[in-house]
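Each chain, written out:
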Amino acid sequence: AQSVAQPEDQVNVAEGNPLTVKCTYSVSGNPYLFWYVQYPNRGLQFLLKYITGDNLVKGSYGFEAEFNKSQTSFHLKKPSALVSDSALYFCAVRDKSGYGQNFVFGPGTRLSVLP
Amino acid sequence: ETGVTQTPRHLVMGMTNKKSLKCEQHLGHNAMYWYKQSAKKPLELMFVYSLEERVENNSVPSRFSPECPNSSHLFLHLHTLQPEDSALYLCASSQDWEGAYGYTFGSGTRLTVV
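Chains X and B supply the protein sequences, listed in that same order. With our numbering applied, the first sequence corresponds to residues 572 to 686, in that order. With our numbering applied, the second sequence corresponds to residues 3 to 116, in that order.
Think of the hints as simulated: they come from the structure by calculation, not from any bench. Please note that a few of the clues may not be correct.
[What the hints assert, rightly or not] Calculated pairs, SDA-like style, for lysine to any residue (alpha carbon to alpha carbon, straight line, at most 20 Å):
{"no.": "1", "chain 1": "B", "residue 1": "K42", "chain 2": "X", "residue 2": "R681"}
{"no.": "2", "chain 1": "X", "residue 1": "K667", "chain 2": "B", "residue 2": "L47"}
{"no.": "3", "chain 1": "B", "residue 1": "K42", "chain 2": "B", "residue 2": "R112"}
{"no.": "4", "chain 1": "X", "residue 1": "K620", "chain 2": "B", "residue 2": "F66"}
{"no.": "5", "chain 1": "B", "residue 1": "K42", "chain 2": "X", "residue 2": "K620"}
{"no.": "6", "chain 1": "B", "residue 1": "K21", "chain 2": "B", "residue 2": "V57"}
{"no.": "7", "chain 1": "B", "residue 1": "K43", "chain 2": "X", "residue 2": "D580"}
{"no.": "8", "chain 1": "B", "residue 1": "K43", "chain 2": "X", "residue 2": "A658"}
{"no.": "9", "chain 1": "X", "residue 1": "K648", "chain 2": "X", "residue 2": "V582"}
{"no.": "10", "chain 1": "X", "residue 1": "K667", "chain 2": "B", "residue 2": "W99"}
{"no.": "11", "chain 1": "B", "residue 1": "K38", "chain 2": "X", "residue 2": "L627"}
{"no.": "12", "chain 1": "B", "residue 1": "K38", "chain 2": "X", "residue 2": "Y610"}
{"no.": "13", "chain 1": "B", "residue 1": "K43", "chain 2": "X", "residue 2": "Q616"}
{"no.": "14", "chain 1": "B", "residue 1": "K38", "chain 2": "X", "residue 2": "K667"}
{"no.": "15", "chain 1": "B", "residue 1": "K24", "chain 2": "B", "residue 2": "R11"}
{"no.": "16", "chain 1": "B", "residue 1": "K42", "chain 2": "X", "residue 2": "S574"}
{"no.": "17", "chain 1": "X", "residue 1": "K593", "chain 2": "X", "residue 2": "L627"}
{"no.": "18", "chain 1": "X", "residue 1": "K620", "chain 2": "B", "residue 2": "H31"}
{"no.": "19", "chain 1": "B", "residue 1": "K42", "chain 2": "X", "residue 2": "K667"}
All chains should be modelled from the sequences, with the hints used to inform the complete structure.
Here's what the structure looks like:
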């Protein structure tokens, strides 16, 4: 079975400070890993993904994430947070070899960037 | 706009009504999905279509009935819903069922059942 956890319901950070939104996963094989962001009354928007290759992945709006296989983590980071980054963030995972399986989404982490 | 368009954006319906949600994509994607997003709950996958054939139905009540007439359009027909069905219904598409390129989501339909 595959699963994903986002251990924090809410993350608060001051504008200009670095931010981290945590994600850990469980799959039997190698994972596809994604981060999505959701603004109020909108659908989810793709931020970045890890498929293969470099463990550090860079995405939209200055976000990046590091794939750590030994810790089964894919934490989302940004060096300097903006108030406009305030939103709901979802991590999603799928086992690459899991034919017929769909992505599993985490419960979401609400990020609040305070001015 | 993401390339996936959902209509209507908001819908209020009584428990005896019949209504339909519409999703349209012109991204050339071959897979389409319906998700339910409720407050305080994870995203729930409802239906998956790949090349216009339903490939998954996650034990969704029969009062929800999907239809995929072609690879660009996806409908969710609703009838005799319950108040607990009130939620944001999201449509998504992907290049293929593998999903390795990620999903493109619509903005959703906010459904309220009264």
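Any hints this thing doesn't respect? Which numbers, in order? 4, 5, 6, 11, 14, 19
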